[in-house]
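Q: Dock chain B against the given chain A, drawing on the hints supplied.
Protein chains: 2
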Amino acid sequence: MKLNTLLQSWLLSSLTLNVAASTSFFKEVVPTKRLTEDSMCQKLRNMEYAVRGKVVIKADEINTLLKSSPKGTFNFDHIVYTNIGNPHSVGQKPLTWPRQVLALADLPNEFGIDHPDVEKMFPSDAIARARQIKDALDGHGTGAYTHSQGPLQFRQEICDFIEERDDLKKGSVDPKCIFMTNGASSGIEMILNALISSPKSGIMIPIPQYPIYSATIDRFGGTQVGYYLDENKGWDMNVAELERALAQAKKEGVDVNSFVLINPGNPTGQVLNKKAIQDILKFCSKHNLLLLADEVYQENVYREDAEFYSCRRAARDIGLDQSGLELVSFHSTSKGLYGECGRRGGYMELMGFDSAVRDQLYKLASSHLCSNTPGQIMTSLMVNGPKKGDASYEKHESEKNAIFESLAKRASIVSDGFNKIPGFSCQTVAGSMYCFPRVEMPQGAIKYAKKTGMPVDTLYAVSLLEKTGICVVPASGFGQEEGRHGFRTTFLPSEEEMVRVVGAVRDHYTAFCNEYK
Amino acid sequence: MKLNTLLQSWLLSSLTLNVAASTSFFKEVVPTKRLTEDSMCQKLRNMEYAVRGKVVIKADEINTLLKSSPKGTFNFDHIVYTNIGNPHSVGQKPLTWPRQVLALADLPNEFGIDHPDVEKMFPSDAIARARQIKDALDGHGTGAYTHSQGPLQFRQEICDFIEERDDLKKGSVDPKCIFMTNGASSGIEMILNALISSPKSGIMIPIPQYPIYSATIDRFGGTQVGYYLDENKGWDMNVAELERALAQAKKEGVDVNSFVLINPGNPTGQVLNKKAIQDILKFCSKHNLLLLADEVYQENVYREDAEFYSCRRAARDIGLDQSGLELVSFHSTSKGLYGECGRRGGYMELMGFDSAVRDQLYKLASSHLCSNTPGQIMTSLMVNGPKKGDASYEKHESEKNAIFESLAKRASIVSDGFNKIPGFSCQTVAGSMYCFPRVEMPQGAIKYAKKTGMPVDTLYAVSLLEKTGICVVPASGFGQEEGRHGFRTTFLPSEEEMVRVVGAVRDHYTAFCNEYK
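These protein sequence lines map, in sequence, to chains A and B. Each residue of the first sequence is one higher than the one before, starting from -4 at the first, in the working numbering. Each residue of the second sequence is one higher than the one before, starting from -4 at the first, in the working numbering.
Certain hints may be false.
What the hints assert, rightly or not - With a Cα cut of at most 20 angstroms, we get these calculated EDC-like pairs of lysine to aspartate or glutamate:
1. B:Lys38 to A:Asp213
2. A:Lys171 to B:Asp55
3. A:Lys53 to B:Asp133
4. B:Lys358 to A:Glu56
5. B:Lys171 to A:Glu32
6. A:Lys38 to B:Asp354
7. B:Lys38 to A:Glu184
Claimed, not checked - Okay, the calculated beta carbon distance ranges per label pair:
8. B:Glu159 to A:Ser489: 38 to 44 angstroms
9. B:Gly384 to A:Leu60: 37 to 43 angstroms
10. B:Lys228 to A:Leu60: 53 to 59 angstroms
11. B:Tyr388 to A:Ser407: 51 to 57 angstroms
12. A:Glu490 to B:Asp133: 18 to 24 angstroms
13. A:Asp55 to B:Gln317: 27 to 33 angstroms
14. B:Val234 to A:Glu43: 41 to 47 angstroms
15. B:Gly384 to A:Glu400: 48 to 54 angstroms
16. A:Ala397 to B:Phe71: 50 to 56 angstroms
17. A:Asp354 to B:Ala386: 46 to 52 angstroms
18. A:Glu400 to B:Lys390: 45 to 51 angstroms
Keep in mind that the hints were calculated from the coordinates and are not lab data. From the three backbone atoms N, C-alpha and C, an ideal C-beta is built for every residue, glycine too.
Looking at chain A on its own, in the form it has when it is part of the complex:
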């Protein structure tokens, strides 16, 4: 059993640092800092965030080395970043029309919409929409703080979008209940901040989950109450398991006040059916739990037998929209077919919230002044795109379709491909941008990992990175059943690259099993 040099030096450097820090000699030499890992907020220190964790830091280091090292130093010529849902970073082209509108909205009128040559560069519907956006911004342009929740007209467009998507009566959704946010993350953070009043405040989260939840709950000092998704049933939800998790938490003195649902699933790629969603709503209603619905992948549903069914629609369908059920749904421009991550656009919709709590959230939003205007504009465009007959309609639709169809193909490439690797098992990916294969780890790896105090799937992920340049996130970063191992990968790089990735993962796994048998 032999570790390659990089991995070895990395493990050694971690050990060295720990040893050095614990000798009193070292402590005397280094000048005392006021803010250290020991004196800082320990909740923040102990927070874990795997998506950009140790493996990714290592990948960035190798990426830098790659540029300065002679050819042949590594077995690969580039890092394949499949650790994060960041479509444009791995080749997805931005949709054209939203960028054209955005550019015109940013340009002062005389250099943009009113420039004599504007029609040479921009289609008529982009010009018209930029004009509308300038009106929505009260003529202040993109450089002014907006209303803390976002401009009223954008919020109204979001309401219209939700009503149309869910076939709700016109006027069912109130712009007062919409908060535009910097991506979905900042909305999630606001709600968790409000929900966590003491260490006993419990939030039910799926296992596996997207680590923004565990990280933020840790940071605000609440308690994670995990409920397991059923891997053998395609990561389905199981009400008995929800009841078990809740009962156990209550027995332990946790005051469970809320429930997180991620649908379509991250990292698990499932799309829940109507009954499952309705069951969750009933469960929340029965136990008086506030429901956080992370629905940022609502456009990313690839299987013909699957369909996105929003919690908002479910609430209406089973009559819980008027009953006082508290629901917040998050959406984002980062995912879907826009993939505009860097824009940090998004919103949350509150349903059934106490209006005094809504005022408190308004206050919190105000202390950050407002979310960024280009992100707000992108959100407005996402929920209200070109209409049939508009100059850009055909092009926009065809760009979106191409992205969608390719994503659907890639979803199959990875889940089918991984499933064919002996020792791997991968649920079918119905939605989102991820798959989450289970990987049997060789005994030698398990033993070695135990000895070094590193989760075995981190050992695996580091090895995969160093041998192939493929950067995945160890499954332990998302939570999983004891004894299960694996990783999360996106399928965002090109179809060709994903085929290569599957092959490289297979070959590496054979070598890894030999190395650690």
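A: Just chain B now, with coordinates in the frame of chain A:
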């Protein structure tokens, strides 16, 4: 003494709500919410943020009424929002060149920098810079998440800017120590999060202060340790007062770990001289306090006898840059001459920080993925503008100068104007965008305010709003000595409007004194 109808109804509605909520009948009728003001995070509930507080909410309500009411319903035809430093919302035009670069950076190449007609609409240096920015973003464009701290090349430009501004040796500032942030606010929040490890964690803040500090300290559950600025000496800093405040806090068992300096001052408009800055650094070094330097108004210095002197430069000048002093400086695209608030661009530079703490801050930044890319681009442009000889240089400089000169004029209009009102006293405004006059309140107003439990300067600000349409922030929202009263106003509306505002404030004050004599 007679309150006008709106104020009366506002006070009554608050009272009514309180009464209704306390009757058991009401409690039975309304369905129980899980998340209420009582069950939510109490630190968040108790947090105050005055800049967009009650008076502004009232202003927004009137603004809506204004649009739907017949002419003559109010004494004014528009609200003058001087509550917030939001230049573009009150008529300041954006600088042209940064918007042109931004638009081209957002456009896909074939529709932007490579479009055959691009030179008809855009100057050559904007096209060239957009090309560089696309390279800095690794060819991923503005739609991808960047490095959690911002792209390396942008951070390097920030380092160059700081080194040039402070006449530091090339290479003194390390891009690893730069974090690009959504405005300065999110950087401030990150640092305060790290600093507050228990309710005893104390942060020294000026009184008066910008309420993001008090609000965020409250939200994270730390302790504010106020030190008073000396109003009679133009809001100067006084070391004896710093020692007093620190000693008192220590006596009360507070573990004071840090010190906030806002220079140029918000809300106070002073610009500290070299000695004052150096004294603060020595004070922090002596007591091992981490220094948070809010330097977002560094370009907003209007008096010829004043000069911005950064903490970074002071540290070098007195040899504290190598001593281990921990300093973080915040900057933003929202202020200065850009005034690009909606962009949410900014950065913080860490000096002397423990590298393990820096890693923790990196982790925290990563959990938010990255700051928004248009904000990052605007920051890059702000720190590295057009150079002499570039196509846009002359125009860019002349636009900046026009904004600067007009701000300088308006600073005098308000501080001189308020000073001439009997009962008002206003320190000269040397910098920033605000002035903070002291106002003698009539006894009747003080008594009435006491009776209703409302700070008297809130009563005053609401009255000013309702009679004149001018929206200021009560001084109590920023902190002030017991018995002092007043308000903060920006001087961002046009010169003409600011002359009118001063007159209207004077006339209203006479009427207010009569009403409450």
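Q: So, for every hint listed, does it hold in this structure?
A: Hints, one by one, checked against the model:
Taking the CA atoms of Lys38 of chain B and Asp213 of chain A, the gap is near 16 angstroms; set against the 20 angstroms cutoff, the hint holds. For a cut-off of 20 angstroms, the pair hint linking Lys171 of chain A to Asp55 of chain B stands: about 13 angstroms separates their Cα positions. Taken as a hint, the Lys53 of chain A and Asp133 of chain B pair is honoured in the structure, with Cα atoms around 19 angstroms apart against an allowance of 20 angstroms. Between the alpha carbons of Lys358 of chain B and Glu56 of chain A the distance comes to roughly 16 angstroms, so the proposed pair stays at or under 20 angstroms and holds.
A distance of roughly 18 angstroms separates the Cα atoms of Lys171 of chain B and Glu32 of chain A; the hinted pair therefore holds under the 20 angstroms criterion. At roughly 15 angstroms between alpha-carbon atoms, Lys38 of chain A and Asp354 of chain B fall within 20 angstroms of each other, so this suggested pair holds. Taken as a hint, the Lys38 of chain B and Glu184 of chain A pair is honoured in the structure, with Cα atoms around 15 angstroms apart against an allowance of 20 angstroms. Between Glu159 of chain B and Ser489 of chain A the beta carbons are some 42 angstroms apart, a value that agrees with the proposed interval 38 to 44 angstroms.
At roughly 38 angstroms, the beta carbons of Gly384 of chain B and Leu60 of chain A sit within the given window of 37 to 43 angstroms. One distance hint, 53 to 59 angstroms for the beta-carbon pair Lys228 of chain B and Leu60 of chain A, holds here, with the actual separation near 56 angstroms. Checked against the given bound of 51 to 57 angstroms, the beta carbons of Tyr388 of chain B and Ser407 of chain A, roughly 54 angstroms apart, stay inside it. At roughly 22 angstroms, the beta carbons of Glu490 of chain A and Asp133 of chain B sit within the given window of 18 to 24 angstroms.
About 29 angstroms separates the C-beta atoms of Asp55 of chain A and Gln317 of chain B, a value consistent with the hinted range of 27 to 33 angstroms. Here the CB-CB span from Val234 of chain B to Glu43 of chain A is close to 43 angstroms, well matched to the stated 41 to 47 angstroms. Between Gly384 of chain B and Glu400 of chain A the beta carbons are some 49 angstroms apart, a value that agrees with the proposed interval 48 to 54 angstroms. Restraint check, Ala397 of chain A to Phe71 of chain B: a C-beta distance of roughly 54 angstroms satisfies the suggested window 50 to 56 angstroms.
Taking the beta carbon of each, Asp354 of chain A and Ala386 of chain B are about 50 angstroms apart, inside 46 to 52 angstroms as hinted. Evaluation of the 45 to 51 angstroms hint for Glu400 of chain A and Lys390 of chain B yields a pass: the beta carbon distance comes to about 46 angstroms.
The structure shown violates none of the earlier numbered hints.
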